[in-house]
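Peer 1: Following the hints, put chain B in place on chain A, whose structure we already have.
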Amino acid sequence: MEGSLEKLREATRKFVKCIFAEYYSTLAPKFIEEPSRIAGREFGFNLFDRGIVRHISFKSRDELLEYLKVNSPSDCYYSSAFYMNPVAPMDEKGWIGAELMFDIDADHIPTDCKVEHDRWVCLSCGYEGAGEMPERCLKCGGDKLEERAWFCEKCLLAAKTETMKLIEILSSEFGLPEDNMAVYFSGRRGFHVHVFGDVEGLDQNSRREVADYLLGVGFDPSIYLERLSLNFDAGGMKFRIIRALYDLISSASPDELRNLGLRGESIDTIIEDRDRVLDIILEGGFSRLAREIGLTSLRKLMAKAVEYSSVKIDPVVTLDIHRLIRLPGSLHGKTGFIKSKAGSSLESLESYDPLSEAAPFMGSRNYVKLYVRSTPRFRIGGEEYGPFEDEEVSLPLQPAILLLCKGVAYISG
Amino acid sequence: MALKEGYRFTDRDLAKYPFLREAARYLEEAGFTVKDMEAEYFQPIVDRAYFRIVEAMERGVVSLKLDEPRLEIASFPVAVLLVRFIGDEFLARRYALAESLRARELLEGEPKLLIEAIASRLGFKAEIYDGYAKLYFTDYLKYASRFHDPRWKIVNRILDHGWILLSRRELIRLISEAIQDNLFKILSRPLPGDAKPPFTFEAKIIAITGMLSDRKAKYGGWVDVGFVEDALPPCVKAMYTALKSGRHLPHIARFTLASFLLNIGLTVDDVVKLFVSIPDADERITRYQVEHIAGMRGSMTKYTSPSCSTLKTHGLCVEDESCKGVKHPLIRYKRSVRRAIGGGGGDGGKLREA
Numbered sequence: 001m002e003g004s005l006e007k008l009r010e011a012t013r014k015f016v017k018c019i020f021a022e023y024y025s026t027l028a029p030k031f032i033e034e035p036s037r038i039a040g041r042e043f044g045f046n047l048f049d050r051g052i053v054r055h056i057s058f059k060s061r062d063e064l065l066e067y068l069k070v071n072s073p074s075d076c077y078y079s080s081a082f083y084m085n086p087v088a089p090m091d092e093k094g095w096i097g098a099e100l101m102f103d104i105d106a107d108h109i110p111t112d113c114k115v116e117h118d119r120w121v122c123l124s125c126g127y128e129g130a131g132e133m134p135e136r137c138l139k140c141g142g143d144k145l146e147e148r149a150w151f152c153e154k155c156l157l158a159a160k161t162e163t164m165k166l167i168e169i170l171s172s173e174f175g176l177p178e179d180n181m182a183v184y185f186s187g188r189r190g191f192h193v194h195v196f197g198d199v200e201g202l203d204q205n206s207r208r209e210v211a212d213y214l215l216g217v218g219f220d221p222s223i224y225l226e227r228l229s230l231n232f233d234a235g236g237m238k239f240r241i242i243r244a245l246y247d248l249i250s251s252a253s254p255d256e257l258r259n260l261g262l263r264g265e266s267i268d269t270i271i272e273d274r275d276r277v278l279d280i281i282l283e284g285g286f287s288r289l290a291r292e293i294g295l296t297s298l299r300k301l302m303a304k305a306v307e308y309s310s311v312k313i314d315p316v317v318t319l320d321i322h323r324l325i326r327l328p329g330s331l332h333g334k335t336g337f338i339k340s341k342a343g344s345s346l347e348s349l350e351s352y353d354p355l356s357e358a359a360p361f362m363g364s365r366n367y368v369k370l371y372v373r374s375t376p377r378f379r380i381g382g383e384e385y386g387p388f389e390d391e392e393v394s395l396p397l398q399p400a401i402l403l404l405c406k407g408v409a410y411i412s413g
Numbered sequence: 001m002a003l004k005e006g007y008r009f010t011d012r013d014l015a016k017y018p019f020l021r022e023a024a025r026y027l028e029e030a031g032f033t034v035k036d037m038e039a040e041y042f043q044p045i046v047d048r049a050y051f052r053i054v055e056a057m058e059r060g061v062v063s064l065k066l067d068e069p070r071l072e073i074a075s076f077p078v079a080v081l082l083v084r085f086i087g088d089e090f091l092a093r094r095y096a097l098a099e100s101l102r103a104r105e106l107l108e109g110e111p112k113l114l115i116e117a118i119a120s121r122l123g124f125k126a127e128i129y130d131g132y133a134k135l136y137f138t139d140y141l142k143y144a145s146r147f148h149d150p151r152w153k154i155v156n157r158i159l160d161h162g163w164i165l166l167s168r169r170e171l172i173r174l175i176s177e178a179i180q181d182n183l184f185k186i187l188s189r190p191l192p193g194d195a196k197p198p199f200t201f202e203a204k205i206i207a208i209t210g211m212l213s214d215r216k217a218k219y220g221g222w223v224d225v226g227f228v229e230d231a232l233p234p235c236v237k238a239m240y241t242a243l244k245s246g247r248h249l250p251h252i253a254r255f256t257l258a259s260f261l262l263n264i265g266l267t268v269d270d271v272v273k274l275f276v277s278i279p280d281a282d283e284r285i286t287r288y289q290v291e292h293i294a295g296m297r298g299s300m301t302k303y304t305s306p307s308c309s310t311l312k313t314h315g316l317c318v319e320d321e322s323c324k325g326v327k328h329p330l331i332r333y334k335r336s337v338r339r340a341i342g343g344g345g346g347d348g349g350k351l352r353e354a
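These protein sequence lines are chains A and B, in that order. Taken in order, the first sequence gives residues 1 to 413; the numbers are from the numbering used here. Taken in order, the second sequence gives residues 1 to 354; the numbers are from the numbering used here.
Isolated chain A (complex conformation) (with noise of 0.2 Å):
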């Protein structure tokens, strides 16, 4: 039986190859997006033979196609530095800048699907749970456990309109214009942005500053009040807070406020004045606020204000001035999408469709057959597929890749 299982996997892992070199030997250029100063940067690949290949460089896009024809990774990387020397080892290449990059996955946002859709395995035992991944196995306590994650199309959707938070921050709090950014679907839960220009040069100290603003890190909001009463007329952060604490306010009960660490007479002025107290916010006008809520209500109203409006990134990610990160228009292994651009402006990201854009196989008309384990119903395009549990399937090949790269299916036949 374990033999078997053990022929399955192999068979498996050689179709998913065959399609991925399929895919860099035809269609790949069209998508390939090969990054600025080519070669200065690091390039890692994980290979579907050898695992992971790092260190290496190319000196031109050809150079990089080739590659990419001959190994048929199941993921490519680059780093988001260029260097004087990219294949030296780390403390030699010579680090001249790097882009900065912002990272914004599902698996950092809350939603309340994951309980549906998200599984985990655990290695020792077997046991399979549902939703988030706990650190140890609920039945044996072994800590091997292995992340069946789904992604579904509101956790999708959340990770994008928290993308749009985040490009929308950048633009107008940083000043940063929209022609410096890229944004791209990673090619599985979520999305990718990488900025260009003065920021390349910043540090890790200044990229942790950047970090925590976004996610609200460190905010004080007594030093934050001194320095709205110097009454400029900026805009910024302000305006978050000010929408964030009206959304606050405006739907908050005597309990929740009580939650926030609220006294019994601001609560009650909330409660029994709130129009009068959403007007004042609208106004911009914190010392009165202050001064009807006490200063003590109004410091801990913004902490949570400046929590809501923040933009959940990963900072690991956003801080690591040598990080690898997945090639544009190569495919992800863990799903055979790809990773692709998901417009330039706030408009075009706002219609964009992972699900119809990212996938490169949708036009094939072959099938295959599948042997599949579990799985939630799910959307490719325009079609729907699923659920399937313990049968065998007949799948157009872009669903079907799918299936293969996350391991809930088999090939069968």
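If you're looking for bench data, these hints aren't it; they were derived computationally from the structure. Since this is a predicted model, take the numbers as computed values, not measurements. Misleading hints may appear alongside valid ones.
[Unchecked claim] The calculated label-pair distances, taken between Cβ atoms and stated as ranges, are:
(1) G60/B / K144/A: 53 to 61 Å
(2) L47/A / R284/B: 49 to 57 Å
(3) D268/A / S277/B: 30 to 38 Å
[To be verified] Computed list of lysine-lysine pairs in DSS-like fashion (alpha-carbon distance at most 30 Å, straight line):
(4) K142/B / K93/A
(5) K139/A / K237/B
(6) K112/B / K144/A
(7) K312/B / K312/A
(8) K237/B / K302/B
(9) K302/B / K93/A
(10) K112/B / K238/A
(11) K312/B / K300/A
(12) K144/A / K237/B
(13) K93/A / K185/B
(14) K142/B / K165/A
(15) K312/A / K237/B
(16) K125/B / K165/A
(17) K273/B / K139/A
(18) K139/A / K244/B
(19) K312/A / K327/B
(20) K312/A / K324/B
(21) K302/B / K165/A
(22) K300/A / K327/B
(23) K300/A / K65/B
(24) K142/B / K238/A
(25) K238/A / K125/B
(26) K144/A / K302/B
(27) K327/B / K144/A
(28) K144/A / K312/B
(29) K238/A / K30/A
(30) K142/B / K312/A
(31) K238/A / K312/B
(32) K302/B / K334/B
[Unchecked claim] Just so you have them, the derived chain A footprint on chain B, three or more residues with Cβ under 8 Å:
(33) 89-95
(34) 135-141
(35) 146-155
(36) 304-315
We put the CB at the ideal spot given by N, CA and C, even for glycine.
Peer 2: Same frame as chain A, but now just chain B:
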């Protein structure tokens, strides 16, 4: 912009800010060459240069002598040369800091145009208005991200279309940081191997070197103080107890704990032992990882454990009162160890580097 570029520095300005390129040009025009340094009439300049350095070491700031602008201007490059001949990093840092503090104090009293001119010289995109100033965020971050007061964090600043609002004083503070950085870079540039100091420098070099070794004997470094559980900072303590009780630690916490313990002088064996005491741990992999952190593998760099701000970003900071003013868990540990072993006057013998 045109105004800033066109700002004409007076001799008095150059005496105050002798690092400006106009100061070097002024000296060229006056016809000074390296040969002059050995001439007798040059002695007052070498004396003043020496004095600049002595002041930097003893008081931490260089005084201002405006009665003879030429002496003041010329003594600066000579002092730079002296520091480079001595080639000591501590001295270079100390001198760069002292000159930048001198410039900072002077800038406080300057008109807007002069401050803007110097800011733009340093590559800053800055504008000064009545009562406040604006600085482009990348310029701001380059220097402000090293400060630890929450007031400097951009999350507590007004940031609008790329501009950070700050007070004129704060702008000057950042300008002086830039001056310090630039000067330190120049001071640490090694001289050509065959460069010989003019004989007028010799006595000064001996005197300064002597002062340096006195200072170093007084403030020895500290490493390898050993393991004192009660002195662990709260963040590391939390990770340590979690690990000992067999709870799962995220990667960054394991890295923090391992590098911290290695930094305070535990051996790779000690650390591996601690980590494999938990169930399921693979000794071979653990040893490999710990050796990597200790700098015995891979890039061969020994990692320093993460700073307080890094831990904060990752949500691992567990602050208590005694963390006040501390930027790094290792510093907090050093303090507590001192207290625990009763080092008294600060430098307990045990803490001294061997």
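Peer 1: A separate judgement is required for each hint: does it hold in the structure or not?
Peer 2: Now the hints, each set against the structure:
1. G60/B / K144/A: 53 to 61 Å: Cβ of G60/B to Cβ of K144/A: about 56 Å, so the range 53 to 61 Å holds.
2. L47/A / R284/B: 49 to 57 Å: violated, 24 Å
3. D268/A / S277/B: 30 to 38 Å: violated, 55 Å
4. K142/B / K93/A: Satisfied, since the Cα-Cα distance of roughly 22 Å is no more than 30 Å.
5. K139/A / K237/B: holds, 29 Å
6. K112/B / K144/A: violated, 63 Å
7. K312/B / K312/A: holds, 16 Å
8. K237/B / K302/B: OK: K237/B and K302/B at ~22 Å, within 30 Å.
9. K302/B / K93/A: The given pair, whose Cα atoms are some 18 Å apart, holds under the 30 Å limit.
10. K112/B / K238/A: holds, 28 Å
11. K312/B / K300/A: holds, 20 Å
12. K144/A / K237/B: With Cα atoms ~25 Å apart, K144/A and K237/B stay inside 30 Å; holds.
13. K93/A / K185/B: Holds. K93/A to K185/B sits at ~21 Å (cutoff 30 Å).
14. K142/B / K165/A: Within the cut-off at roughly 25 Å; holds.
15. K312/A / K237/B: holds, 29 Å
16. K125/B / K165/A: holds, 27 Å
17. K273/B / K139/A: holds, 27 Å
18. K139/A / K244/B: Judged against 30 Å, a Cα distance of about 22 Å means the pair holds.
19. K312/A / K327/B: holds, 26 Å
20. K312/A / K324/B: holds, 29 Å
21. K302/B / K165/A: Given pair K302/B, K165/A is violated - Cα atoms ~39 Å apart, limit 30 Å.
22. K300/A / K327/B: holds, 26 Å
23. K300/A / K65/B: Violated, at roughly 52 Å.
24. K142/B / K238/A: Answer holds: K142/B to K238/A is near 24 Å, not above 30 Å.
25. K238/A / K125/B: holds, 23 Å
26. K144/A / K302/B: holds, 29 Å
27. K327/B / K144/A: Measuring from Cα to Cα gives roughly 35 Å; hence the hint is violated.
28. K144/A / K312/B: Satisfied, since the Cα-Cα distance of roughly 27 Å is no more than 30 Å.
29. K238/A / K30/A: Not OK: K238/A and K30/A at ~43 Å, beyond 30 Å, violated.
30. K142/B / K312/A: holds, 24 Å
31. K238/A / K312/B: Status holds; Cα separation ~24 Å.
32. K302/B / K334/B: holds, 19 Å
33. 89-95: violated (count 0)
34. 135-141: holds (count 4)
35. 146-155: With 6 residues in contact (Cβ-Cβ under 8 Å with chain A), the coverage given for the stretch 146-155 of chain B holds.
36. 304-315: holds (count 5)
Hints 2, 3, 6, 21, 23, 27, 29 and 33 from the list above are not met by this structure, while the remaining hints are.
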